[in-house]
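Taken in sequence, the protein lines are chains A and Y. For the first sequence, numbering that gives the first Met the number 0 assigns the number 0 to the initial residue and increments by one for each residue that follows. For the second sequence, numbering that gives the first Met the number 0 assigns the number 0 to the initial residue and increments by one for each residue that follows.
Since the hints were derived computationally from the structure, they do not count as laboratory data.
Dumping the calculated DSS-like pairs for lysine-lysine here, alpha-carbon to alpha-carbon at most 30 angstroms:
1. A:K164 <-> Y:K154
2. A:K28 <-> A:K330
3. A:K164 <-> Y:K213
4. Y:K321 <-> A:K164
5. Y:K154 <-> A:K134
6. A:K164 <-> Y:K229
7. Y:K213 <-> Y:K321
8. Y:K154 <-> Y:K229
9. A:K164 <-> A:K28
10. A:K134 <-> Y:K321
Computed from a predicted model, the values in this text were never measured in an experiment.
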Amino acid sequence: MTDLQSLEERIRAAAAARRPLRIRGGGSKDFYGGPLEGELLEIGGLAGITLCEPTELVVSARAGTPLQELERVLAGHGQMLGFEPPGFDGCATLGGAVASGLSGPRRPYCGAVRDFVLGVEMIDGRGERLRFGGKVIKNVAGFDLSRMMAGSLGTLGVLTEVTLKTVPRPSVECTVRFEMDQAQALDSMRLWATRPLPLSATEWEDGALHVRMSGAEAAVRAARRELGGEIADGVHDRWDSVREQQLPFFTAARELWRVSLPVDSPPLPVPGPTLIEWGGSLRWLSGPQDGDALRALAGRLGGHATLYRAPSKPPSGPFQPLSAAMLSLHKRLKTVFDPHGIFNRGRLYPEF
Amino acid sequence: MHHPIIERLRRALPAGAVLSSSEDLKPYECDALTLYRQTPLAVALPADEAQVVAVLRLCNEAQVPVVARGAGTGLSGGATPRADAVLLSLARLNRIVGIDALARTARVQPGVRNLAISEAAAPHGLYYAPDPSSQIACTIGGNVAENSGGVHCLKYGLTVHNLLALRVVTLEGEVLQIGSAAPDSPGYDLLALLTGSEGLLGVVTEVTVRLIPKPQCARVVLAVFDDMTKAGRAVADVIAAGIIPAGLEMMDRAAIAAVEPFVRAGYPLDAEAILLCESDGAPAEVEEEILRMEAVLRGAGARECRVSRDEAERLRFWAGRKAAFPAMGALSPDYYCMDGSIPRRRLAAVLLAIRDMEGRYGLRCANVFHAGDGNLHPLILFDSNIADEVARAEAFGAEILELCVREGGSITGEHGVGMEKIAQMCVQFGSAELATFHAVKRAFDERGLLNPGKAVPTLHRCAELGRLHVRGGQLPHPELPRF
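Please build the complete structure, drawing on both the sequences and the hints.
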């Protein structure tokens with residue numbers, strides 16, 4: 000069991016010596032982001048649910064709590080994490096899920112990691128314990144620094160406890176399948192999203208579009224009539240495989256790009272297979288790409304491209320570069336939390 | 000005696016865009032928290048982003064503070080002017096830049112009214128979900144600054160959940176593009192940081208919001224309770240049953256008594272509390288959900304449940320809730336609207352504690368609020384013509400907020416800290432957190448010229464207030480300046 004005090008002491012010592020630290024929960028996302036630099040700071044031992052109150056739709060847990068355990072306990076109360084984070088073979092922790100900001104298939108219909116963060120407890124780069132946000136649904140006191148931790152990849156501090164909003168599990172889920180080419184699938188997903196339908200996931204690959212609906216039985220039944228398509232078999236496993244990036248599309252890829260686009264963007268003229276999620280706004284590309292060209296294309300369309308997984312980490316970093324003004328603001332914010340630059344150096348951007 | 004900034008602003012902006020005569024400044028001396036009034040140094044009314052940039056550059060050069068203002072409907076004094084500051088009104092940036100029905104987005108300037116977005120999106124079957132009760136008048140820029148909520152945010156989220164992108168001008172006059180229509184922008188989530196930052200970090204010049212499909216129908220259950228504890232439990236039971244109502248509002252006896260003669264919504268005058276529990280969606284889904292809601296509410300001890308039979312009746316049930324604030328105006332010369340949030344399971348206990356405070360402060364308090372998200376709005380009734388009633392009302396309010404913090408909640412659920420709750424920030428946050436807030440502020444605005452004195456108290460102020468800390472409901476020196 001890692002205790003907060005020894006964590007604080009290690010951070011203070013590292014800060015005094017300007018020694019970089021590499022924060023690690025379950026280690027399931029070592030592949031993600033920039034290079035891994037510094038002495039390992041394990042927080043996996045900092046585990047356990049500290050508040051789970053079904054009447055509040057709120058759960059608090061220490062950052063090293065395995066996602067799997069958290070989801071199991073929530074399921075027992077008929078609840079779940081609305082952003083469906085990948086669990087990576089049971090290794091992923093709550094802290095890592097928040098720090099990486101990675102959401103799953105339900106994201107466009109229910110919300111991203113950051114939408115569910117209500118509060119965090121953390122230790123900054125001075126070894127100071129901080130608490131932002133809270134444990135209630137509505138709270139606008141002070142700057143919203145807890146949501147800003149989502150996706151910050153540990154560059155601002157060590158998360159020690161996180162409070163999330165949860166959602167009730169839908170009573171019914173149903174997936175239908177359509178044979179469609181990419182352009183048709185994009186048009187259909189966009190059109191359906193403008194109607195009040197209980198959509199909860201969409202995924203297109205190789206001529207087949209899968210659409211999941213979740214909610215009250217009556218709503219799902221009505222939506223199913225409206226959409227048509229054929230009921231897909233074995234879909235439960237399929238959505239898990241999409242969420243966990245375990246479909247052959249993902250596992251076969253040596254290099255995997257993740258392109259985020261406005262929902263009305265056209266099919267991308269790129270080599271290699273594409274898998275589409277999130278109503279058209281997430282495009283996975285398997286195989287090597289001309290990174291600069293892809294980023295320029297994504298930028299022109301109003302989006303961005305991430306080299307999600309690759310055999311080696313590129314020196315320019317996996318994320319779409321920031322504008323000069325934004326980079327300088329990022330550096331100033333980094334300095335607020337981590338003045339000596341000890342946490343996860345270069346994991347988000349090579350510059351800090 | 001004109002400050003030199005006035006002349007510089009006049010040269011940079013079109014004719015009529017800078018106000019400085021005392022009669023022109025009068026309408027800007029307060030926002031909806033009218034307890035605080037101050038004439039600003041001048042009012043600047045830019046009409047586009049380039050003019051906003053010009054105002055900020057000039058103020059930065061001259062080191063003159065800037066207070067941004069939307070429609071002035073804020074309830075926490077976030078837009079209260081300062082004598083040494085230019086009031087920057089965004090009211091003339093009121094254009095809907097574009098509605099994209101297929102992408103389900105609206106790009107609007109900050110001075111566009113909240114409701115105007117939904118009106119413009121209506122032909123496409125879409126709307127903008129957050130609906131603060133001032134939505135006829137309040138602007139989207141103000142909503143972003145305060146992270147506003149509303150009746151429907153339990154199901155549809157707060158402002159922060161419904162934004163996609165912002166254009167923000169920094170004090171130096173640099174334009175930042177924050178967020179985008181593509182999900183999960185790279186880098187830190189500055190969209191979350193900017194939302195609710197109360198005009199302390201930058202000035203928003205364009206907002207891209209998410210639109211959602213309009214539900215096909217809605218119905219509401221009016222549940223009547225003889226006992227506040229049962230009503231509070233009913234709220235928690237609805238949520239625990241896995242139901243997320245489109246709205247779940249509570250009114251207590253005092254609130255019912257105030258609105259019923261005014262609106263004739265059909266609320267029972269002998270009830271201790273009523274709940275309005277709404278379901279929206281496809282007709283069959285609503286039918287099914289209303290039945291489940293009714294069962295839970297009755298199970299929790301509702302003596303009566305009335306389900307709206309048609310749209311007219313639904314609107315009548317809501318009319319009382321919506322008229323609560325004007326009705327209070329008829330009941331009392333002044334009222335003070337508080338805004339604390341607590342865990343739902345503590346609703347009844349906190350409402351009973353407030354009732355106890357009424358006796359101690361000698362003031363009445365009515366409660367009309369977003370029960371579903373544990374967001375209280377106690378309305379403290381007072382008369383500012385009676386010598387110490389203002390001070391008593393403020394002390395009463397402060398005690399309620401501090402109780403909210405002790406119960407694990409927050410001093411503000413949706414109205415913001417502004418001027419009003421700056422002292423209670425010292426109760427909710429420790430000095431390390433406050434120091435971090437100040438450092439974040441400096442990362443955007445090194446010299447502290449954007450909306451100074453709001454939202455985040457100085458540590459010095461907290462130390463002072465620490466010695467004045469409210470004990471046993473009595474503020475020892477109510478005559479001392481609080482900010």
